[in-house]
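Engineer: Just need the whole structure built from these sequences, with the hints factored in.
Number of protein chains: 2
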Amino acid sequence: MGKQMTEMLKGTLEGIVLAILSGRSAYGYEITAWLRDQGFSDIAEGTIYALLVRIEQRGLVDVEKVPSEKGPPRKVYSLNAQGRAYLEEFWKTWSFLTERLEQLREEGS
Amino acid sequence: MGKQMTEMLKGTLEGIVLAILSGRSAYGYEITAWLRDQGFSDIAEGTIYALLVRIEQRGLVDVEKVPSEKGPPRKVYSLNAQGRAYLEEFWKTWSFLTERLEQLREEGS
DNA sequence: TTCAGCTATTCGGTGTTGCTATGTACCAGT
DNA sequence: ACTGGTACATAGCAACACCGAATAGCTGAA
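So the protein lines, in turn, are chains A and B. Position in the first sequence counted from 1, then plus 9, gives you my numbering. Position in the second sequence counted from 1, then plus 9, gives you my numbering.
If you are wondering where the hints come from, they were derived from the structure by calculation, not from laboratory data. Just so you know, not all the hints are guaranteed correct.
Which copy is meant is left open, so a pair is good if it fits within one copy or across any two.
Dumping the calculated DSBU-like pairs for lysine-lysine here, alpha-carbon to alpha-carbon at most 30 Å [claimed, not checked]:
1. K12 x K101
2. K101 x K19
3. K79 x K19
Structural biologist: What follows is the structure, given as structure tokens:
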């Protein structure tokens with residue numbers, strides 16, 4: 010969708026991925042494919058992998074290497090307790106933002 | 010609110026300021042004060058001024074210098090036609106994001 | 001057998017953005 | 001003179017998403 014989306018994804022993409030992982034474990038390639046499917050057509054593969062490395066280093070997810078039938082081994086990520094707490098914080102921050110913006114939008118119309 | 014908010018504001022803060030300006034003209038100091046009042050307690054003054062310079066250079070706003078009784082002259086910004094079009098785009102992008110996230114949130118609960 | 005194509009991950013370099021810290025300047029009241 | 005509120009500007013920094021390219025395993029067609 011362009012530059013606006015790129016900038017808006019900063020900060021939220023992390024939350025999106027954590028939210029996905031809160032439902033089920035997943036690996037990078039899979040997450041990227043799912044996001045593209047959901048309309049995030051221009052999300053770069055490299056972006057997701059970098060993000061996954063980041064949240065792993067922060068201790069928000071656990072990782073398990075699982076062999077694949079169709080290619081190199083997958084790195085399967087799952088949200089741990091710390092990750093869930095962080096995701097909670099994310100939702101709070103997100104809620105705050107959406108409330109302010111919703112208010113501004115109503116005023117503007 | 011912390012680091013999460015800082016990252017989330019990237020991309021949205023611009024939209025917030027444009028949305029404010031769509032309702033009425035305003036100057037930097039005023040906008041900063043208003044944002045703090047609305048709960049964006051940690052938004053830095055410099056951030057707003059830099060943002061205003063940016064959107065001016067992109068031709069989204071018109072500027073008028075107005076003398077103040079209480080200090081140096083104010084730079085009063087008002088949204089022009091191009092700015093309104095850009096704000097429309099912003100709302101579309103924002104809507105898309107909120108819909109996806111709302112969906113993810115429901116699935117997670 | 002080789003080569004294209006899908007699966008799957010990694011990494012270096014770039015541009016944009018918000019924050020920190022600091023500086024400038026104007027004015028009123030003490 | 002000095003403090004404090006008003007008002008704007010800017011240099012340096014960190015974080016993040018994007019781009020492009022590389023690596024590597026597997027399968028099926030030529």
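Engineer: Could you run down the list of hints and mark each one as holding or not?
Structural biologist: Going through the hints against the structure:
1. K12 x K101: Answer is both: 26 Å inside a copy and 13 Å across each meet the 30 Å cutoff.
2. K101 x K19: Both: 17 Å inside a copy, 17 Å across copies.
3. K79 x K19: neither (32 Å within a copy, 38 Å between copies)
Of the numbered hints given earlier, the model fails hint 3 alone.
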